[in-house]
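Engineer: What follows is each chain in one-letter form.
There are 4 protein chains.
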Amino acid sequence: MTVNFALLGAGRIGKVHAKAIAGNADARLVAVSDAFAEAAQTVADTYGCAVRGIEDVEADKSIDAVVICTPTDTHADLIERFARAGKAVFCEKPVDLNLARVKQCLGVVKETGAVLMVGFNRRFDPHFAAVRAAIDEGRIGPAEMVQITSRDPGPPPVSYIKSSGGILRDMTIHDFDMARFLLGEEPDTIFATASVLVDPAIGEAGDFDSVSVILTTASGRQCSISNSRRATYGYDQRIEVLGAEGAVAAENQRPVSIEIANAQGFTRPPLHDFFMTRYTEAYAAEIASFIAAIVEGKPASPSGEDGLRALALADAALLSVKEGRAIKLSEVL
Amino acid sequence: MTVNFALLGAGRIGKVHAKAIAGNADARLVAVSDAFAEAAQTVADTYGCAVRGIEDVEADKSIDAVVICTPTDTHADLIERFARAGKAVFCEKPVDLNLARVKQCLGVVKETGAVLMVGFNRRFDPHFAAVRAAIDEGRIGPAEMVQITSRDPGPPPVSYIKSSGGILRDMTIHDFDMARFLLGEEPDTIFATASVLVDPAIGEAGDFDSVSVILTTASGRQCSISNSRRATYGYDQRIEVLGAEGAVAAENQRPVSIEIANAQGFTRPPLHDFFMTRYTEAYAAEIASFIAAIVEGKPASPSGEDGLRALALADAALLSVKEGRAIKLSEVL
Amino acid sequence: MTVNFALLGAGRIGKVHAKAIAGNADARLVAVSDAFAEAAQTVADTYGCAVRGIEDVEADKSIDAVVICTPTDTHADLIERFARAGKAVFCEKPVDLNLARVKQCLGVVKETGAVLMVGFNRRFDPHFAAVRAAIDEGRIGPAEMVQITSRDPGPPPVSYIKSSGGILRDMTIHDFDMARFLLGEEPDTIFATASVLVDPAIGEAGDFDSVSVILTTASGRQCSISNSRRATYGYDQRIEVLGAEGAVAAENQRPVSIEIANAQGFTRPPLHDFFMTRYTEAYAAEIASFIAAIVEGKPASPSGEDGLRALALADAALLSVKEGRAIKLSEVL
Amino acid sequence: MTVNFALLGAGRIGKVHAKAIAGNADARLVAVSDAFAEAAQTVADTYGCAVRGIEDVEADKSIDAVVICTPTDTHADLIERFARAGKAVFCEKPVDLNLARVKQCLGVVKETGAVLMVGFNRRFDPHFAAVRAAIDEGRIGPAEMVQITSRDPGPPPVSYIKSSGGILRDMTIHDFDMARFLLGEEPDTIFATASVLVDPAIGEAGDFDSVSVILTTASGRQCSISNSRRATYGYDQRIEVLGAEGAVAAENQRPVSIEIANAQGFTRPPLHDFFMTRYTEAYAAEIASFIAAIVEGKPASPSGEDGLRALALADAALLSVKEGRAIKLSEVL
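Protein chains in written order, with full-length UniProt numbering: chain A, 1 to 333; chain B, 1 to 333; chain C, 1 to 333; chain D, 1 to 333.
Calculated directly from the structure, the hints in this document are not laboratory data. Do not take every clue at face value.
[Claimed, not checked] Under 7 angstroms between C-beta atoms, here's a sample of chain D residues computed to sit facing chain A:
| no. | residue |
| --- | --- |
| 1 | Ala59 |
| 2 | Tyr160 |
| 3 | Ala261 |
| 4 | Arg268 |
C-beta atoms are modelled at their ideal positions from N, C-alpha and C, and glycine is treated no differently.
Bound-form chain A, shown alone (with noise of 0.2 angstroms):
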């Protein structure tokens, strides 16, 4: 079976997974769609589908999926529209900003039986799953306390912050759906703080731009996470995982490692510029997951709960850094 895509959304992202469709052997990119006729043309030309208007895309029984790259308020209207459509989706995290209104459409969907997949591309970065396949092979004993280092090489536009949600929906759900994928047990309690120490302007919007979080699970289990919208040396991306038996880590990429040698010392280049140079492989390796769910007729994962409870623990952690205490998960989910 060769699945039929459409691509809505031809911005950054949507390139991306538009490569990814083309360089699948079990999937053809046939439709393309965007707000901005030019985005989609030039995806168009260079993969050789067509330009097509939603309403063409939905009402298309030839196509089988969608991927959903547009912005993030259309989220949840297209997820339910195309769920309806009989297509499977997949879709950019997060579903909404809104809990509420994730759960209506993840509801929506339940009815439709559609296939459903939520973009947290990080599980699907080869390093990063590899240390989750040498916790599944028992390789450190039980996991019991993850380490999670994740920080941009920048901070974005401030009208970017405007419409994001704030750092800890933004970049730090991220980082809760990578410590649900390693704990082995979920989260229940979570303290979070947050500062503005890169940017006055990012804190004047009503966000910040430096957090750190610890997650709990009910027997004990315990996850750090540190993020900054600043890191100068280049994307910076690490996760640690200590067991009963042992410790398992996966250490920063960078896209050359030579090292260079004199009276000032060893020098390695930086790393990766951002996400779309180190999560390259992630990207192809998670549409091919997307794929092979259809093709084989399986549940797609991370699935429409990972996204609404990475997202749950991120409006969890906001209520921490308002309050200055310890929250409970069962608080806002």
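Using the hints provided, position chains B, C and D relative to the given structure of chain A.
Structural biologist: For chains B, C and D alone, coordinates are given in the frame of chain A:
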């Protein structure tokens, strides 16, 4: 000037200091005192000094300095006694497990004008000292986020746990001092979570074995601490600091640094087995710093105040664990 | 301009180039030819191109370039034939195993003025290319001592050995090219020693499996090469260059870079399993460079002359092994 | 038993040994002798021993062992003299720069039955010793290819060069011993190339500053050595061994192992500045091994024969440089 030393307490850590004194060109170990005559005699035989009683040492005008390595509950009394006797005092941490008693003791020391140094050995580790130097030299800009990972190879006997004051006052206290050493600003708020994952007997003794902490300063700087009483791969001691212009990290140390490669992968040996081997250089540098303070008539550092503040953070952390909220240091200090 | 390609030879390495051509925006794979119809058809199906005979390709004026991945003993004939047909020619190394035949072939190419590029893929590895760039940027001063370690995971079948021209012409030849790429001066003297340590059958076939080489240039620069047909830990590919002002090194690459720690130590996974996975990026960059040379009308590099010189070094090395003395390159070239 | 030591030669390396003896519980430094009274007095003051003449030491029955750190041209005479006087002798390498003289000296030692140990300190480096242990434990199978990289931070004064016997007898000789230590089989053939790349004055003095060597054993095992008198990044001392079942390597050591990251990359400090700091632990372990041999009445290792063989390799290497051919060790030994 050669500084004449008496060693009070000839146990494990006492022997480390005896060796450091004996190897220092500006110092001489002239006396050793211990409730166990045999322990004192061993040190006396090795370094050619006299076994003496506490009163003798106190009365001997030729003795310039004492190193207190006796049980914790004797520290404050001995500090007061030898400060009053006009001797420079080096005391293993902590001054006392009770904050009020520490304050009282420091008051006595202040009255006498005696030199008092508290044994936070890690400040003298060449790698951690180099981290601090890199910050002081402006190589990473102002420190903003500190991450401290500190894990013992295995849990101590429960008997030790019972007299230790608990993991926060016994183990995390070193990390509190390191946080203060590196943050460049006093932490004023603390959140801690603690659980029992390693050994139920530790929980039965009223203590924890796994701890995560977040410290924050008035300007929003953050420090994360991760502790466990068990790391199967050795004594895990790492720090890293993110600054506005870069980052600096001190990695783990191992006694032998070969790498063996075969079909299973590339393997380096485990880390040091514990603090005695990991911090060998630190202990020697610590005593050298104490001697230099005496010889040059300068303030010794870390001071009694440093000991007090680290203990206050431990007390605040314990309160945080109990109440599930962030604690202002001013609530306990 | 889009460059139309025909692929000659649809085996393992042919498929690598087919993928690189298909993924390059400036190129199109229009034809594939192979003595085994099935192999050709597989490539044709995957990339949507036609299966054609050699004569057809030769006669088709719309085909701009050919990639020769056929058996070694057909290379020189095909190069001459397609150079005469006015096509740009990319040929896997070597041009031929016989030095005189290579010279003759290059003479024909020169007459026709055709573009010829020889497939020394390692020059295009991003890490090795960065080593060269560091030298060119003056970051280590003039290169003085080059060390190349190149080891296969395991020996090839003896049948392969027999038609390979021997380890020096088959395997070390890549390192000879790398030495020339990095030394900044032509090697003019060579000493080699070779032995059979891995598999006696290799010795019975008249070849070696373990090689050490020293190259020197007129000014005294030196290069050491270490080869083995067996490295249980994966495909070992490292270079380092000592210059007057510093050094630069490219370390090994692995598909997954996690580290697992336990009581036995800290273990990272083995290296890539062989050149197909290790040099994925290099193969794509190599073809991109060939296409760029065609499009921009510039000389292709590595050139036929580069192929000739690397082979001459291999011949000189073999003579050195036989005679136990340093050989001047002028003795064979 | 406590071994009473006399130190002959109180220069730089003499002081290293004095410290090692003083710190060893089974030894006592009782006398020091040096042509420069002041140098002897400094050691005497530091370690509380007597300044004595050579004759006095020779005649003193209470002195069990001597450590010879005098100029090279006095070594053989002193070894013979003190062997005849019934003392255990530790001598810094080399025994002599003349192979015939070494043989003669070893003959005398044999007659007297004296304990003689030659100072190849690197065998006692914990990292290199661990490499050897890994081989002995069968962790990589039989050693097949050894690579030794050994580079000084900068060239010595030309005055030193002139009395050194040349780089092959002065510097590479350590690597010859290491090759023998690791190959598991005597090298019987050697090829060497040498050039002047660092300082023309070294060439004018008849010596070289850059050396590459290949050693081979009867069964075909190979060892490459790379030497330079200049490495701007510090004292570069690495070994790696490829075996039939794996490989083992000892990486470089640095006094401080922090890493600083910024927009220019990730930088670790330079290596140790020279052998005195790099091999601190090795020197202590070396003397401890000598003392243990005396106390336990066992053969000391490395022996005089080890010194002889390393020198013979150096002589053969020099002949190889001159004649441009591989030299059989039997041609010089």
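Engineer: With reference to the structure, classify each hint as holding or not holding.
Structural biologist: Quick rundown of the hints versus the structure:
Contact between D:Ala59 and chain A, as hinted, is not supported at the beta carbon level, the nearest pair being about 51 angstroms apart and thus beyond 7 angstroms. A least Cβ separation of about 22 angstroms between D:Tyr160 and chain A goes past the 7 angstroms threshold, and the interface hint is therefore violated. Nearest Cβ of chain A to the Cβ of D:Ala261: about 4 angstroms, under the 7 angstroms cut. The hint holds. Here the hint on D:Arg268 is kept, as its CB sits about 5 angstroms from the closest CB of chain A, short of 7 angstroms.
Violated hints for the displayed structure, listed by number in ascending order: 1, 2.
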